[in-house]
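> Sequence:
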Amino acid sequence: MLLQPIVRRFETMLAFAFVAAGFVLLDSARADSETIPTRPGVTVPFEIDVPSGAPAIVLIFEGGGGSIERRAFGWEIHELLVDDGIGAASIGAPSDQHGFLGGMHPSFRATDQHVDDIDIVLGAIVSEYDLPIWVFGVSMGAASAAMYGLRRSGRVAGVVLASSPTRPPRGLGVHELPLDQITVPLLAVAHADDGCPGTPPTGAQEIVNAASSSPNARARIFSGGDSAGWSPCRPRSHHTFYRIEREVGRAVADFIKSNTP
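Residue numbering for the sequence shown follows our numbering, starting at 1 and increasing by one per position.
Don't take every hint at face value.
[As the list claims (entries may be wrong)] Simulated DEER-style distance windows between Cβ atoms: (1) Gly99 to Gly224: 17 to 27 Å; (2) Ser212 to Lys257: 36 to 46 Å; (3) Pro169 to Thr111: 16 to 26 Å; (4) Thr111 to Thr183: 19 to 29 Å.
Think of the hints as simulated: they come from the structure by calculation, not from any bench.
Remember, it's a predicted structure, so these values are computed and weren't measured experimentally.
Quick reminder that beta carbons are idealized off the backbone N, C-alpha and C, glycines included.
Starting from the given sequences, assemble the full structure and let the hints guide the process.
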């Protein structure tokens, strides 16, 4: 199946969003803040921290509008990976995308412009560090990571998708993309009690089944933690692995280390 029709249908699916921003207490940030020009008149912010001896760097895409939030689940993963000796680069929304929750509209995540922005950020990071690059996305950020992984499989060493949208109200789910074009290791992470309608835990295995060309595609379903937020798709919920963030972070770090040459 040609990719372009799939991308157009995926843009329709991305017209909804899940705000993935699990609130947690964090230490003061150690990452360096950078801003890089991408398209004409557009810049993309990112925060990067690469420990000495890191085996890889993980590009992290947050859910919702994709803005970098120091109290969000994506940032917690950033911190945990760095603590485990892995580099992390959290990528924010481009400067021309600020109308949806302060950042990217969901449909933007399926566009060529988004891929081009990521290309330039990735290129700048690799030119400085010359390390393998993984992509990690949570909730709607998983859409960014999945799209980049399948369209640029030759540029990434692996893909991690957490709380992925596989049951959107309309259009395609992540598992219905041509994930067989991903030729690198893939980890799909979910919470057994995720109550967000569009991100059921069964979707993790569906993603793995679709990633038939991956040399090591695995699903990991977590349990425990708590759900104290006002919505199952919002912060402080199973959707964002509330109160088991460190357990999830360790599993992600272990998968990256064991699958990075």
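> Is 19 to 29 Å respected by the C-beta to C-beta distance linking Thr111 and Thr183?
holds, 23 Å
> Measuring from beta carbon to beta carbon, are Gly99 and Gly224 in 17 to 27 Å?
Because 37 Å falls outside the window, the suggested range is violated.
> Is the distance from the Cβ of Ser212 to the Cβ of Lys257 consistent with 36 to 46 Å?
violated, 24 Å
> Starting from the range 16 to 26 Å, see whether the pair Pro169 and Thr111 falls in it by beta-carbon distance.
About 21 Å separates the Cβ atoms of Pro169 and Thr111, which means 16 to 26 Å holds.
In the structure shown, a violation is registered for the earlier hints numbered 1, 2, in ascending order.
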